[in-house]
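Peer 1: Based on the provided sequences and hints, a complete structural model is requested.
The working numbering applies: residue 1168 is where the sequence shown begins, and numbers increase by one.
Hints in this document: simulated from the structure, not taken from any laboratory.
Ideal Cβ placement from N, Cα and C applies to all residues, glycine included.
Honestly, I wouldn't trust all of these hints.
[What the hints assert, rightly or not] As a list, the in silico DSS-like pairs of lysine-lysine whose alpha-carbon atoms are at most 25 Å apart:
(1) 1240 - 1275
(2) 1230 - 1259
(3) 1251 - 1230
(4) 1238 - 1259
(5) 1192 - 1204
(6) 1275 - 1204
(7) 1259 - 1192
(8) 1198 - 1275
(9) 1251 - 1204
(10) 1275 - 1252
(11) 1198 - 1251
(12) 1230 - 1198
(13) 1252 - 1230
(14) 1252 - 1198
(15) 1252 - 1240
(16) 1192 - 1251
(17) 1238 - 1275
(18) 1204 - 1221
(19) 1221 - 1252
(20) 1259 - 1198
(21) 1252 - 1238
(22) 1259 - 1240
(23) 1240 - 1192
[What the hints assert, rightly or not] Derived Cβ-Cβ restraints for the label pairs, each shown as a range:
(24) 1252 - 1174: 17 to 23 Å
(25) 1184 - 1266: 34 to 40 Å
(26) 1175 - 1278: 27 to 33 Å
(27) 1252 - 1298: 19 to 25 Å
(28) 1190 - 1297: 24 to 30 Å
(29) 1219 - 1298: 27 to 33 Å
(30) 1276 - 1171: 27 to 33 Å
(31) 1272 - 1220: 16 to 22 Å
(32) 1195 - 1266: 29 to 35 Å
(33) 1264 - 1185: 36 to 42 Å
(34) 1179 - 1219: 24 to 30 Å
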Amino acid sequence: MASEAVRQAIIDSLFSPDLGGVAEKLLIHLKVFEDVKQSDSNTRGGSTPQIVGKPRYLCLTQKRNEIRLYKTKRNQNGAFTIGKKWSLEDIKQIEEVDANQFAMSLNKTYLWAVERPRENVSAQILGWICDICTS
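Peer 2: Printed below as a string of structure tokens:
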């Protein structure tokens, strides 16, 4: 599913004004994998190792003056559900582990991987979080 279609599905499932109340604005989303294992099956010929893990989406949202981070997952019917929700104050540390992975310390430390090394979206979401936390 293309990124814009994923974005719209996230909004429709979780942050639509039709769901009642004041809608949260989805600032940015990022597909990540947790409980990651690197598969060496595709590494012959110098190709990138395939990331194997549970697909999740990190969503950075704004509602009035509050910024939140959500960990969501896509269900079999294509809709999204929220697994965890944090305020920015809950973020203790963000660390780039390698080209594919970063760690974020919240109530516990999460290790997430992106599909493509140095994916622009991961830099953007981490940049948003760092900018907001330091301002």
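Peer 1: Next, verify each hint and record whether it holds.
Peer 2: Tested hints:
1. 1240 - 1275: Judged against 25 Å, a Cα distance of about 19 Å means the pair holds.
2. 1230 - 1259: Answer holds: residue 1230 to residue 1259 is near 21 Å, not above 25 Å.
3. 1251 - 1230: This hinted pair holds, its Cα atoms lying about 17 Å apart.
4. 1238 - 1259: holds (16 Å)
5. 1192 - 1204: violated (33 Å)
6. 1275 - 1204: holds (19 Å)
7. 1259 - 1192: holds (24 Å)
8. 1198 - 1275: Distance ~20 Å between residue 1198 and residue 1275 Cα, so the pair holds.
9. 1251 - 1204: holds (22 Å)
10. 1275 - 1252: holds (13 Å)
11. 1198 - 1251: holds (15 Å)
12. 1230 - 1198: Since the Cα atoms of residue 1230 and residue 1198 sit roughly 22 Å apart, the hinted pair holds (cutoff 25 Å).
13. 1252 - 1230: holds (13 Å)
14. 1252 - 1198: holds (16 Å)
15. 1252 - 1240: The hint holds at about 12 Å.
16. 1192 - 1251: Holds. Residue 1192 to residue 1251 sits at ~17 Å (cutoff 25 Å).
17. 1238 - 1275: Roughly 13 Å separates the two Cα atoms, so the pair holds.
18. 1204 - 1221: holds (10 Å)
19. 1221 - 1252: holds (18 Å)
20. 1259 - 1198: Holds, at roughly 21 Å.
21. 1252 - 1238: holds (6 Å)
22. 1259 - 1240: With Cα atoms ~23 Å apart, residue 1259 and residue 1240 stay inside 25 Å; holds.
23. 1240 - 1192: holds (18 Å)
24. 1252 - 1174: 17 to 23 Å: About 18 Å separates the Cβ atoms of residue 1252 and residue 1174, which means 17 to 23 Å holds.
25. 1184 - 1266: 34 to 40 Å: holds (38 Å)
26. 1175 - 1278: 27 to 33 Å: holds (29 Å)
27. 1252 - 1298: 19 to 25 Å: holds (20 Å)
28. 1190 - 1297: 24 to 30 Å: The hinted range 24 to 30 Å holds for residue 1190 and residue 1297, with Cβ atoms some 25 Å apart.
29. 1219 - 1298: 27 to 33 Å: holds (32 Å)
30. 1276 - 1171: 27 to 33 Å: holds (31 Å)
31. 1272 - 1220: 16 to 22 Å: holds (19 Å)
32. 1195 - 1266: 29 to 35 Å: For residue 1266 against residue 1195, whose Cβ atoms are near 20 Å apart, the range 29 to 35 Å is violated.
33. 1264 - 1185: 36 to 42 Å: holds (39 Å)
34. 1179 - 1219: 24 to 30 Å: holds (29 Å)
Consistency with the previously given hints fails for numbers 5, 32, ordered from lowest to highest.
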